[in-house]
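A.B. asks: In case you want the letters, here they are:
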Amino acid sequence: MNSSRLPAAEFEAEEVVRATLPAEPDGGPGAVALQVLAADGTLARGLTATIAGEHVDFSPYLAADDAGHLRSLYRDMFLIRRFDQESTALQRQGQLALWVPLTGQEAAQIGSGRALAPQDYAFPTYREHGVALTRGVELSDILRLFRGVTNGGWDPRERNFHLYTLVLAAQSLHAVGYAMGIQRDQLADPSLPRAASIAYFGDGASSEGDIHESMVFAASFDAPVVFFCQNNQWAISVPSSVQAKVPLAQRAEGYGFPGVRVDGNDVVAVEAVTRWALERARSGRGPVLIEAYTYRMSAHTTADDPTKYRLTQDEQEWQPRDPLIRLETYLRAAGLADDAFFEDLGAEAATMAADLRQVVLAMTAPDLESRFAAVYAEPHPLVQEELRFFQQYEAGFADEGKHA
Amino acid sequence: MATMTIAKAINEGLRASLENDPKTLLMGEDIGELGGVYRVTDGLKKDFGALRVVDSPLAESGIIGTAIGLALRGYRPICEIQFDGFVFPGFNQITTQLAKLRTRSDGMLSAPVVIRIPYGGGIGSVEHHSESPEALFAHTAGLRIITPSNAQDAYWMIQQAVTCEDPVIVFEPKRRYWLKGEVDTSAPVGDPFSAHVLRSGTDATIVAYGPLVPVALAAAAAAEEDGRSVEVIDLRSISPIDFDTVTESVTRTGRLIVAHEAPTFGGIGGEIAARISERAFLSLEAPVIRVGGFHMPYPVARVEEQYLPDIDRILEALDRAFAY
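The listed protein sequences derive, respectively, from chains A and B. Sequential numbering from 1 applies to the first sequence in the working numbering. Sequential numbering from 1 applies to the second sequence in the working numbering.
There's no promise every hint is true.
Label-pair ranges, simulated between beta-carbon atoms [claimed, not checked]:
#1 B:Phe294 <-> A:Glu385: 55 to 63 angstroms
#2 A:Glu343 <-> B:Ala50: 42 to 50 angstroms
#3 B:Asn20 <-> A:Asp155: 25 to 33 angstroms
#4 A:Phe397 <-> B:Glu285: 32 to 40 angstroms
#5 B:Ala274 <-> A:Thr312: 53 to 61 angstroms
The following residues of chain B were derived to be distant from chain A, with all beta-carbon distances above 10 angstroms [claimed, not checked]:
#6 Thr5
#7 Leu25
#8 Asp30
#9 Phe48
#10 Ile68
#11 Pro77
#12 Met108
#13 Ala135
#14 Cys164
#15 Arg252
#16 Ala286
#17 Phe294
#18 Pro297
#19 Glu305
#20 Phe322
Since the hints were made in silico from the structure, they are not lab data. Using N, Cα and C, we set each Cβ at its ideal position, and we do this for glycine too.
All chains, full assembly: derive it from the sequences and hints.
C.D. replies: See below:
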């Protein structure tokens, strides 16, 4: 022990963090993360794996040779990172109550989101801004929740993208139930386009009972659902080793369906694996669990302070694995994108951020009166009575101007 | 008119719901082959199949949570929770998700999920099989809660719950499952969220619901022998509560007893007492008196007779009300 000169608590904290970090950041103990776009920016042309005893060739789902598609994946990742930065700034300036950053997880979200078909239905947690982008949700609508003007923000039915869920893992059961509905719809009308649902959750949420129950239900009924876990290593301040002693993807085996761990910073592999899983689910072969192994490069939320629980060195180790740098390196080396492409994209993102800022600043609080209307679908005497009271009470301040 | 037990009336009501709308389905533990531990779903799987009557894994959060997902896809799930005390693993899904779906979506989404819960004591069972947790749910905005006390209501109220656009919890008085009554299957009973005056009176009002309605009626009959004319109201709906009907009655009678099996502290009776004190203070001849369970977990079966409000406990409360 050479720690006698260090304050004990500080030393212990460092020891704990080191002990719980995965030994092999790209793969983790006992699991190989599927990858085609390596951290050095090289891109493999094929991908095969044995999953739950089944030989799977992901090549039909790989977009490795489609330059336009790869550029569009990069564009989505770039725009959503800029959105993340702008939203963080807005929170710091007091314009948002809270912000949930996604930096580092762009590949996991854009890759999986772009794999979805229009008829598929996504159930996000609260960090899935990238998935929202791929579903065509107005990005400013996401900020309505965080600005405190609504608990929702968009019509889920327009984009088949459900509202954010703040209670961890609750939405995983909704995704399974929705998938059970898809099953019934297709039995009633086989001409309907085949569809699946996808449940997003994190490594922290994987400890919640609802994840277990959702996987039991999904397996029991062969529900067309894909469980998409973004293992970003940290549940606020608690490392993923406290959530699971085996790679999360391996849990699927216990429920009787395939689990696959993909490099969550490799947008091409994530898209291919998710396309495969969704198609498998749509074709009636049951659920799949995908663990996208990634890293949250920022705080859990803007209320969080990662310097209290993890080492700058670890964050620096993940920097070279940045999903954007990785694809940029490939696009440049392969001659698929030049300076002009990246400059244009930078300008587009700056305009987007400026527009977003204007929209957010113009968002005004709803009147409390309007909140009475959405509690029940059908008339409710107590709500009506309390609304009448509130209106009369407010009217009493009419002479003094608006009651603050 | 047909005579049937409350359990059979619910069974027939569920059958009618399944026939009327192909989007309805039942979910719960042991509800298929077994027909539910109380046989309320008896025969329905045989007639409607495993896709409409789903024997679910043994997981209450799973039942409620997947029902929410089915509702989002346009289905109308009717969930059975096996016993009152087992609803709590599903409490999170009911209170944080189901109840709030409409508000969170600014009115764009509905959650027409029905949750049936056999509740209350008097069946001589073991712990977690005899509880009355209705107040815990009534406190949550976004939910509706009803409780039939007779076969006619049981037959119609379950169907009305199924067609309601809001989530509805149906607390079924399990010790009355075998209570027989006349059912008119041709005519619905009107608004399921209204109270019914079952017996007219001029001197006092007893409000009760679910399993205590027959007790309240018997107490009123006994009070009549003492020369007291007691009105009895079956609340039927716990959320919302039909305060107008109760207020109108108390304005005439001047005295109010509220009786339920759940503990009185923080219970529905306290809510009714407070509202009626606000609405009819000058009509009251006595404070509103609550008759209910004590502040303890539901006791062991060998002493539940002492715990449960009976005719004498209601008569004692009437004595106190008349003593003012």
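A.B. asks: Taking C-beta pairs only, is Met108 of chain B more than 10 angstroms away from all of chain A?
C.D. replies: violated, 5 angstroms
A.B. asks: Just checking, Arg252 of chain B versus chain A, shortest CB gap more than 10 angstroms?
C.D. replies: Since the minimum Cβ distance to chain A is about 21 angstroms, Arg252 of chain B lies beyond 10 angstroms and the statement holds.
A.B. asks: Beyond 10 angstroms on every Cβ pair: is that true for Thr5 of chain B relative to chain A?
C.D. replies: Holds: least Cβ distance 30 angstroms, greater than 10 angstroms.
A.B. asks: Could you let me know if the closest chain A CB is still more than 10 angstroms away from the CB of Ala135 of chain B?
C.D. replies: holds, 15 angstroms
A.B. asks: With 10 angstroms as the threshold, tell me whether Asp30 of chain B passes as away from chain A on beta-carbon distances.
C.D. replies: holds, 15 angstroms
A.B. asks: Check the non-interface label on Phe322 of chain B: least C-beta distance to chain A beyond 10 angstroms or not.
C.D. replies: Per Cβ check, Phe322 of chain B is outside 10 angstroms of chain A; nearest 31 angstroms; holds.
A.B. asks: Holds or violated: the 55 to 63 angstroms window for the beta-carbon distance between Phe294 of chain B and Glu385 of chain A?
C.D. replies: violated, 32 angstroms
A.B. asks: How does the Cβ-Cβ distance of Glu343 of chain A and Ala50 of chain B compare with 42 to 50 angstroms: does it lie in that range?
C.D. replies: Once the Cβ atoms are compared, 60 angstroms apart, the range 42 to 50 angstroms for Ala50 of chain B and Glu343 of chain A is violated.
A.B. asks: Please settle this one: Pro77 of chain B was flagged as non-interface, so is its CB more than 10 angstroms from every CB on chain A?
C.D. replies: About 8 angstroms separates Pro77 of chain B from the closest Cβ of chain A, which leaves it inside 10 angstroms; violated.
A.B. asks: Evaluate the condition: distance from the CB of Ile68 of chain B to the nearest CB of chain A exceeds 10 angstroms.
C.D. replies: violated, 5 angstroms
A.B. asks: Far enough from chain A: is every CB of that chain over 10 angstroms from the CB of Cys164 of chain B?
C.D. replies: violated, 6 angstroms
A.B. asks: Just want to verify: Phe294 of chain B was marked as not at the interface with chain A; is every Cβ pair farther apart than 10 angstroms?
C.D. replies: With a cut-off of 10 angstroms, Phe294 of chain B remains clear of chain A, as the shortest Cβ separation is near 28 angstroms.
Checked against the numbered hints given earlier, this structure breaks hints 1, 2, 7, 10, 11, 12 and 14; the rest are met.
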